[in-house]
Amino acid sequence: MSPEPLLAIESVELGYGRATAVQDASLTVDAGEVVGLIGPNGAGKSTLLLGVMGVVTPRRGSISLNGRSLAGVSTDQRVRDGIGLVPEGRHIFADLTVEENLRLGLVGRAAREGLSEDLEWIYSLFPVVQESRSRAAGLLSGGQQQQLAIARALMGRPRLLLLDEPSLGLSPMMIETVFNALAQISGHGVTAVIVEQRAQITVEFASRTYVLTNGRIVAELTPADAQDTERLIAAYLD
Amino acid sequence: MNVAQTIFDGLALGALYALVAMGLALVFGVMRLINFAQGELITAGAYSLSLTGSLPLIVSILICFIVCVGLALLLDIAFRRLRGADPTTALVATFAVALTLEAVWTIAFGTNGKPADLLSALNTSLTHGSLQLRWVTITMIVGGAALLAATALVLDRTSIGLQMRAAARDFRAARLLGVRTNRVIAFAFAMSGVFAAVVALLYTVQVPDVTPQFGLDITIVALVGAVTGGLDRLWQAAAGGFVIGFANAALGDILPSSQRVYVTTFLFLLVIIVLLVRPDGLFASLRRVNTDRV
Amino acid sequence: MRLLRNTVPLLGVIAILVVVALIGESTSLATQQDFITALVSVVIVYGLYVFVGNAGVISFGHISFVAVGAFAAGELTIPTEPKHFTLPGLIPLLADHSVSNIASLAIAFAAGAIFALIAGAPLMRLNGIAAGIATFAILEITNNLLSFDTNIGPGATTLSLVPTSTGIFQALLGAILAAVLAFAYQRSRRGRLLRATREDPQAARAMGVNITRERLVAFVLSGGIAGLGGGLLVHQLGSITTNQVFLDLTFITLAMLVVGGSRSLLGATVGAIGVSLIDSFLLTAVNSVHVVFFNLTLPSGSADLGLGALMALMLLWRPRGVTGGRELSLPRLTRLTRRPGSADKRGAA
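Protein chains in written order, with my numbering: chain A, 1 to 238; chain B, 1 to 294; chain C, 1 to 349.
Note that these hints are calculated values from the structure, not bench results.
Please note that the accuracy of each hint is not assured.
[Claimed, not checked] Partner residues aside, some chain B positions facing chain C, computed with beta carbon under 10 Å:
#  : residue
1  : G84
2  : A85
3  : A90
4  : D209
5  : L216
6  : N248
7  : L251
8  : D253
9  : V261
10 : Y262
11 : L269
12 : L275
13 : F283
[To be verified] Chain C stretches covered by chain B per the calculated footprint, using a threshold of three residues with CB under 8 Å from any CB of chain B:
#  : segment
14 : 20-26
15 : 263-273
Bear in mind the structure is a predicted one, so any value in this text is a computation, not a measurement.
We put the CB at the ideal spot given by N, CA and C, even for glycine.
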């Protein structure tokens, strides 16, 4: 049994103004795992990730990294502590070059050591990123931008990588490329949380997948459940 | 020759307004805030030059920079509350701060001009054939260009410059990458302070009398220029500032003397036409990139 | 009952105006001018509010409508004989006619509205900062022309010999009229449509709303009200210069609206009256004022300092304005009259 989980979310309530996006969510992520988080649109998945990043403050409950509470810790400090986010819609800086986008990923890196090895590894994961280094990032295709977004987050040497809908708007072939890369990233020891609307591929890929509906965690699925369509649908419609 | 004279005057005034426009665009880029108080930084710098007139030149200039950057950082702190506020409110707030500071100068120094003729040696002329060029004009053009070049280097080559550019494009995404947004914004303000100091230095040579309204008048015209050029891109804003400065000087020379009082009207008619034809700015989409609009 | 509830915001505002007028009536003659100023400011701010509050687009040009209204009303009420002497360059339309007080106010309204129509028609499709700068350009151009063209005005000199017909009563009537117009517009179908475009322009366009046209309607009405304010102003002062209807007035009007709360009529009212009275107080204090036990004499420039600092602090503390965009409503009344199941539309425009 491993010691504390890398990430622990306990009975968290998150909202904007008067609206509540996440009513009551609890989940844990152990080091080295890949955990999925699926649910219908508007269920609160993105908000949960933003809560982990410190952009939205929980009204109730706690979020801890390696047993240490993250309350009061600024976003930039959390990034330096080892949490990286690949945001929904990628949000790459279109006017900056691919290389400049990568350099920005360095801002959140705690220490410069190991940079050249990391860069080599990242380029091997995403050759297209290396090839288009000096091009404006906005000229890349959707799939290439997604790869850049992940590469950029990896530049910060995160221990925990959060991905918000990495398959959004991508062709099936591209999705396969991205998930293959994610498998390698996980194999490298990076813990990952993948938020997705595509239930099947996530449940198959992750070691465990939580289902978030209407702001609550309603189920925890394993890859064995990936083929059980009824169970998947039931979880969504709870 | 008159045309050459006009061109040089236009270049000098254009350079000046380009600097002010750049200061405005820097802060706008990272904070989406139009800082009307930018002009007060210039006035503060000018007054400090006036007050330290008896000290050695280098010391005087150094103090001017310290005053401008210091005041700029104070403004940064004061405007923290405005982050995320409604743009109209923010605008009025900075205008209120500008007027408050203007009143402070009035109370402290009175409404009569205070002399600040440090570099008055520059008011001499260099004659080349029929062209009479004042050293101050040359200094303005060269100084302005140098500062803009230095800024380009900072933005392109340094990490903080890169972070500023990123924050200006997509503040949230930058923050999520771990960019220390407070630091970036403070740096933008500090840079605008440096610009203000340079403008104060150059302008007082030309107009050695410092009055309380000094800065705000320049700021408003520079803002119009910056918006006309395209406020959301630094170089477009600077170019817009340059154009309006140049046009201001040129129109003054071109119009027949009977119509010269209407320079303002012609200038602003041009501004309206430009805004109608190209609302995003005169120089917008010269380099159109497929933006990831999410 | 429902009609009463719907007009409560307007009645409340009118009540405030009447109270201000009554207080003004009962003070000394000198202070009375401050209250008249407050009421005239209300009209001018309403002018700005009708556009900014409903369209959500900033305008720095509204004082040019005030200027047009002021100069038009002023010039047309100067008796023709002295006018031919003091303003020899005036075009015949302005030089050869002299109208009554009421007519001049109506003309001021019309002049403001027509000018707004001409100047605004090309500009209504602009948004955000571009709109702000374009309207600012209108202000600069108007000021420039009025300051130097002796065909339409006194040029660089003061326009004087205007009858001072704006007392408390005229100012109050003007303010009430402006309030009724503003309220009627914001509650009308057109006004609501425009507010909808403020919230979500794309949805509104998808529903077939012609944003440019609706904005122009608001702009013209606001120009008229602002023009009326100019007419009232020139009849209060008995004279006018272009400097009095330029940058300072632009800023203070905008500040009044924003401090009060730019989304509601109540906000515009509160902001205008509050800021105006404070400004008057500070200006008087620069000379000398008796505050409780001691005399207060502030150095010159303090009025601006006090006002500016107040504005800045106010906005930094409450960026949505004092009223936060809410109109007046009577909670008890609505509870009594509300039928079970119906939605409570409190705070809606």
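Results for each hint:
1. Look at G84/B: its Cβ gets to within about 9 Å of chain C, closer than 10 Å, so that hint holds up.
2. Annotation: interface hint on A85/B holds; nearest CB of chain C at approximately 4 Å, less than 10 Å.
3. Here the hint on A90/B is kept, as its CB sits about 8 Å from the closest CB of chain C, short of 10 Å.
4. For the restraint placing D209/B at the interface with chain C, the shortest Cβ-Cβ distance is roughly 18 Å, beyond the 10 Å limit, so the hint is violated.
5. Nearest Cβ of chain C to the Cβ of L216/B: about 9 Å, under the 10 Å cut. The hint holds.
6. Given hint, N248/B at the interface with chain C, is violated; its Cβ is 12 Å from that chain's nearest Cβ, farther than 10 Å.
7. Hint on L251/B is violated. Least Cβ distance to chain C is approximately 12 Å, over the 10 Å limit.
8. Checking D253/B against chain C by beta carbon gives a least distance of about 18 Å; that is not within 10 Å, so the hint is violated.
9. Annotation: interface hint on V261/B holds; nearest CB of chain C at approximately 5 Å, less than 10 Å.
10. Of the supplied interface hints, the one on Y262/B holds, with its beta-carbon coming within about 6 Å of a beta-carbon of chain C, less than 10 Å.
11. Annotation: interface hint on L269/B holds; nearest CB of chain C at approximately 7 Å, less than 10 Å.
12. Annotation: L275/B was flagged as interfacial toward chain C, and the flag holds, the nearest CB pair being 5 Å apart, inside 10 Å.
13. Against a cut-off of 10 Å between C-beta atoms, the interface hint on F283/B is violated, since the closest Cβ of chain C lies about 14 Å away.
14. Evaluation of the coverage hint for the segment 20-26 of chain C: breached, as 0 residues show C-beta separations to chain B shorter than 8 Å, against a requirement of three.
15. Using a Cβ-Cβ cut-off of 8 Å, 0 residues of the segment 263-273 of chain C lie near chain B, which falls short of the minimum of three, so the contact claim is violated.
In summary, the numbered hints that this structure violates are 4, 6, 7, 8, 13, 14 and 15.
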